[in-house]
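There are 2 protein chains.
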Amino acid sequence: MASLEEKRHTLAHLLAAAVAERYPHAKPTIGPAVDNGFYYDFDFSGGAAPKEGDLASLQAAIEELLPSWTDMSGTEVSKKDAEDRFSGNPFKLELIKEIADKGETITLYTSGGFTDLCRGGHSEKPAHDIRVGSFMLERIAGAYWRGDEKNPMLTRIYGLAFDTKEELEAYQTQQEEARARDHKKLGKELDLFTFSELVGPGLPLWTPKGTLVRDLLDAYVFQLRTKEGYQKVEIPHITKKELYETSGHWDKFKDELFRITTREGHEFAMKPMNCPHHTQIYARRQWSYRELPQRYSNTTTCYRDEQSGELSGLSRVRAFAQDDAHVFCRMQDVKTEFLKVWDIIHTFYPTFGFELKVRFSKYDPLHPENYLGDTKVWDTAEDMLLEILEEKGIEYMDGTGEAAFYGPKLDFIASDSMGRNWQVATIQLDMLQPERFDLYCINENGDKERIVMIHAAIMGSIERFLSILIEHTAGAFPTWLAPVQVLVLPISAEKHADYANKVAVALRAKGVRVELDGANDSLGKRIRSGKNMKVPYLLVIGDAEVEAGTVSVESRTSKLDPMTVADFSELVAKEIEERT
Amino acid sequence: MASLEEKRHTLAHLLAAAVAERYPHAKPTIGPAVDNGFYYDFDFSGGAAPKEGDLASLQAAIEELLPSWTDMSGTEVSKKDAEDRFSGNPFKLELIKEIADKGETITLYTSGGFTDLCRGGHSEKPAHDIRVGSFMLERIAGAYWRGDEKNPMLTRIYGLAFDTKEELEAYQTQQEEARARDHKKLGKELDLFTFSELVGPGLPLWTPKGTLVRDLLDAYVFQLRTKEGYQKVEIPHITKKELYETSGHWDKFKDELFRITTREGHEFAMKPMNCPHHTQIYARRQWSYRELPQRYSNTTTCYRDEQSGELSGLSRVRAFAQDDAHVFCRMQDVKTEFLKVWDIIHTFYPTFGFELKVRFSKYDPLHPENYLGDTKVWDTAEDMLLEILEEKGIEYMDGTGEAAFYGPKLDFIASDSMGRNWQVATIQLDMLQPERFDLYCINENGDKERIVMIHAAIMGSIERFLSILIEHTAGAFPTWLAPVQVLVLPISAEKHADYANKVAVALRAKGVRVELDGANDSLGKRIRSGKNMKVPYLLVIGDAEVEAGTVSVESRTSKLDPMTVADFSELVAKEIEERT
Chain A
4 MASLEEKRHT LAHLLAAAVA ERYPHAKPTI GPAVDNGFYY DFDFSGGAAP KEGDLASLQA
64 AIEELLPSWT DMSGTEVSKK DAEDRFSGNP FKLELIKEIA DKGETITLYT SGGFTDLCRG
124 GHSEKPAHDI RVGSFMLERI AGAYWRGDEK NPMLTRIYGL AFDTKEELEA YQTQQEEARA
184 RDHKKLGKEL DLFTFSELVG PGLPLWTPKG TLVRDLLDAY VFQLRTKEGY QKVEIPHITK
244 KELYETSGHW DKFKDELFRI TTREGHEFAM KPMNCPHHTQ IYARRQWSYR ELPQRYSNTT
304 TCYRDEQSGE LSGLSRVRAF AQDDAHVFCR MQDVKTEFLK VWDIIHTFYP TFGFELKVRF
364 SKYDPLHPEN YLGDTKVWDT AEDMLLEILE EKGIEYMDGT GEAAFYGPKL DFIASDSMGR
424 NWQVATIQLD MLQPERFDLY CINENGDKER IVMIHAAIMG SIERFLSILI EHTAGAFPTW
484 LAPVQVLVLP ISAEKHADYA NKVAVALRAK GVRVELDGAN DSLGKRIRSG KNMKVPYLLV
544 IGDAEVEAGT VSVESRTSKL DPMTVADFSE LVAKEIEERT
Chain B
4 MASLEEKRHT LAHLLAAAVA ERYPHAKPTI GPAVDNGFYY DFDFSGGAAP KEGDLASLQA
64 AIEELLPSWT DMSGTEVSKK DAEDRFSGNP FKLELIKEIA DKGETITLYT SGGFTDLCRG
124 GHSEKPAHDI RVGSFMLERI AGAYWRGDEK NPMLTRIYGL AFDTKEELEA YQTQQEEARA
184 RDHKKLGKEL DLFTFSELVG PGLPLWTPKG TLVRDLLDAY VFQLRTKEGY QKVEIPHITK
244 KELYETSGHW DKFKDELFRI TTREGHEFAM KPMNCPHHTQ IYARRQWSYR ELPQRYSNTT
304 TCYRDEQSGE LSGLSRVRAF AQDDAHVFCR MQDVKTEFLK VWDIIHTFYP TFGFELKVRF
364 SKYDPLHPEN YLGDTKVWDT AEDMLLEILE EKGIEYMDGT GEAAFYGPKL DFIASDSMGR
424 NWQVATIQLD MLQPERFDLY CINENGDKER IVMIHAAIMG SIERFLSILI EHTAGAFPTW
484 LAPVQVLVLP ISAEKHADYA NKVAVALRAK GVRVELDGAN DSLGKRIRSG KNMKVPYLLV
544 IGDAEVEAGT VSVESRTSKL DPMTVADFSE LVAKEIEERT
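Protein sequence lines, in the order shown, are assigned to chains A and B. Per our numbering: the first sequence ends with 583, consecutive numbering throughout. Per our numbering: the second sequence ends with 583, consecutive numbering throughout.
Pulled out of the complex, with its shape left as it was, chain A reads as follows (with noise of 0.2 Å):
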């Protein structure tokens, strides 16, 4: 039986068969099996080319074709045979070149009659193997050849395919699922943030409401740090170079960085990261190992010139702002400092639903060139780790050869309610950086000491959390993040305009966001329209209320009973000092 990959990579060339059949014009080049199914792409220069109405039809020549494609098998050919037979063809011309270049043998692969240059892994009786119902064409794109943009555009065709009809149709749910929870298009209805042509792409603005969400999680981590002794630092969002050749990111970063040159001929950079700034405040001054750690906090946006083709609404920005901490210490205390950065990412993550996994990023004994420093200090500071994970007594996933080049990290993985993993929060050990910027403290015995640093993000970028948040939860922020709590919406303009503002003022008054959203739209609208924007709690007042001194609540999942404006108060406010 078949692979999956196989079952995918043979639709691949079944759909170059229809295409054949149906644009004989048409240029094959290159068809692989991607992970949720097949694409190929062509050449349709010479003539028709098809439109995303075309599919169906496709689709039934391929199902036409599958019964007669009983077994697929392979030939080694010579490269002018190969040549010859795809004479017509430079992009399979330049292929077969290629290949006979590097000494490889040149194979063709022939099916019901259709043959196609292959390298092979291919269902061996298609015909038998795949199952109509377990595939679909799903859309068109163009794509330049090899993806290089100097070359010609293509036209590729995408399909689907799954070993059952049954899986296939949850894949599509699910997709449907995920575009519903788009974070780019819930994002814009529910207001969030924009984008503009005039300030580029990659680089999100944020709305007033975008902004008190992103300013409740941001203090709802300090708050957290705090605890554990954090204070805020602040930095500039640029640097001389020196700072990054001292570090060592100006090689590994500069692709990456923005650079600048000054009117007076200097160069500069835009930070992608802060720990370089962070050991900068650190170094202002001698410290004592009684003053340590030194842990400092700071929200600040880092900037990475990423290439347009790869940017997307959130997930993948130029300007990205950090929630970052560094501290500073001695080795002895390393333990306990990553213990307080678990403690808080174990309080974050689940207040919002998500489900952490941590994997153990370690060092890799067969590639000692991939990392700096004595294999001794790394079994120390992995032993330490180490030591962390048996302590909480948790499943780990093996990460050897994940480490930083400094030094072994934690990192953390949250499951999402789709079920799709992210890797989000990350702790990490660095014995390089001190020892690049020559960071100490005065020891016990009045000898310098070099230090360590950590390294802890919590929602790593809060562009990209959010963008895992909003599709977590479709936009329905718990209670204490979202940008409005509770919708007062009196049913008469007239009659109920007073009492409904009287509501909002008393709620307003314990701290809850509150809109009032007077009567120019019929009720009907205005509810909806409050449940568009995943309001938690719409209050409706009509004479009933009025009377009672009472207000009705729906929530996001159901209608409550009538309860008085003090007793709802409470809940709210309730809601969101315990962030449920």
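The hints are simulated quantities; they were obtained by calculation from the structure and are not laboratory data. Even for Gly, the Cβ is constructed at its ideal location relative to N, Cα and C. Mixed in with the good hints there might be a few duds.
Derived pair list, reagent style DSS-like, types lysine-lysine, alpha-carbon separation capped at 25 Å [as the list claims (entries may be wrong)]:
(1) Lys212(A) <-> Lys235(B)
(2) Lys230(A) <-> Lys105(B)
(3) Lys243(B) <-> Lys244(A)
(4) Lys243(B) <-> Lys187(A)
(5) Lys235(B) <-> Lys537(A)
(6) Lys244(B) <-> Lys244(A)
(7) Lys257(B) <-> Lys244(A)
(8) Lys243(B) <-> Lys243(A)
(9) Lys235(A) <-> Lys235(B)
(10) Lys153(B) <-> Lys243(A)
(11) Lys188(B) <-> Lys235(A)
(12) Lys513(A) <-> Lys577(B)
(13) Lys188(A) <-> Lys505(B)
Coverage of chain A stretches by chain B, computed from C-beta distances (three or more under 8 Å per stretch; other residues unrestricted) [unchecked claim]:
(14) 197-207
(15) 211-219
(16) 240-246
(17) 304-311
Position chain B relative to chain A; hints supplied.
Relative to the frame of chain A, chain B by itself:
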């Protein structure tokens, strides 16, 4: 009787004469009056140069020459004569050529047998006008010929000069006080900010204490803004060039912009101001007149490529956080919105004991080319501002010609505790950017109506405001703003630490920022350290306090009677709450 400026200018000649006597190889160049005295630049490259230690003897030489300078008068000479007289001095020859090239007359001024090339403006009777004791040679510094670093380095000798000895002494006392209050010195002593050679000049790094002070100031401004309906927004620190081409800032600011070319070859710039970005937040959707004003508040770092030589502490930096706000409203809302900002400014500045003056910065009818827009619109706008000033019944300075190119403004000038004036807050009416960015609302008739923008910074830049505030208060911030509000000092570690700790915990529970300084140093040393750090309250804990359950309180100005912890907590909490 000669004016002070004429006397200062004459003293520069006297200095040149004294130098010529003592240093015959010296080549005098240029020697003007400045606003506290005078200076003269000499080329000493032909022999020895005076050092700071030689100033007293040069001063004596001037005092000796003075009585012989009974008259000072000028003579017109030909270019040839002037060149002959200064034939050995290439600096003077360059000046002579320039004067001649411009077709101006060349004059030489002589007194006491000393002649110098000069355009005049002296005391005619130096010996009579200038009093011994009213001037003093101050210091020596290097200066490039004509301020250009490509030219030879000269030696500049500075002198102070006033009408009387008393005025000179008063100036020196004020200078001494200013040096003691210098924010660069106090910023380091109070551990508020630091600079790093690796990060670069003009880019302050903020320590935990400094960051706390910044955040408290910013939170105070936002608290005042919140009452007036402002909301926070957030923006990236960079933008595509196109944004500034549209706003008109690209041309205006191009020398001061930090520019970036991305790896894909696009031109970006770091933002030197925030208004163009904020227009893009407003422009994200269509607004009904009912939804206006939109009031966006944003404390965010701006960047300007200042020249290294102009950078100074926090007063002139390359990175500065503006507490910026923009109101998008209809013309008819301008007065109300100006008054809201007026109130914020007049709450904020008096909190620190600053006195405010206001300048009405208007259109200059003699120079219409300096402004954009219709004079009728200007009249309407200025009338609106005048109405505000009249309603306030306040005296204001006339600022004809001080308007921004896009509209009139109200500028606020604060007087500090040393009588110095600083332009601080500003409220500006902008009719230009809404035009350039096509910002509008839908009015009552369903038509598009052009809106206006109000720019309103309260502190201006936090860096500059802090430099002023530190010098105004000599670092003794009001209690609500002090990084450490109370310092608890147990006399003996063994006997008083427990109680001291309880006091600290009790105060922290009230939200007071307390530090405990254990008994590692002598009490005297710890008290001095607390006073140096300008901590508002020092609590000394000894046997008597432990026994009576009280604290002995020393404020920055006086010793208070012992009081209970509860009473003291209340006193401090009230002071913080009321920002007194």
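Coverage of the segment 304-311 of chain A by chain B, judged on three or more residues with CB within 8 Å: holds (count 5)
Hint consistency between Lys243(B) and Lys187(A) [alpha-carbon to alpha-carbon, up to 25 Å]: 21 Å, holds
Pairwise hint evaluation, Lys577(B) against Lys513(A), where the allowed Cα distance is 25 Å at most: It holds: about 22 Å lies between the C-alpha atoms, which stays within 25 Å.
Lys244(B) paired with Lys244(A) [C-alpha distance capped at 25 Å]: Holds. Lys244(B) to Lys244(A) sits at ~23 Å (cutoff 25 Å).
Given pair status - Lys244(A), Lys243(B), alpha carbons within 25 Å: Within the cut-off at roughly 23 Å; holds.
Hint consistency between Lys257(B) and Lys244(A) [alpha-carbon to alpha-carbon, up to 25 Å]: 22 Å, holds
Coverage assertion for the segment 197-207 of chain A with respect to chain B, Cβ distance below 8 Å, three residues required: holds (count 8)
Straight-line alpha-carbon gap Lys188(A) to Lys505(B), limit 25 Å: 54 Å, violated
Pair hint outcome, Lys230(A) versus Lys105(B) [Cα-Cα no greater than 25 Å]: 72 Å, violated
Distance restraint between Lys235(A) and Lys235(B), which requires alpha-carbon spacing of 25 Å or less: 20 Å, holds
25 Å Cα cutoff - pair Lys243(B), Lys243(A): 22 Å, holds
25 Å limit on alpha-carbon distance, applied to hinted pair Lys235(B) and Lys537(A): 21 Å, holds
In summary, the numbered hints that this structure violates are 2, 13.
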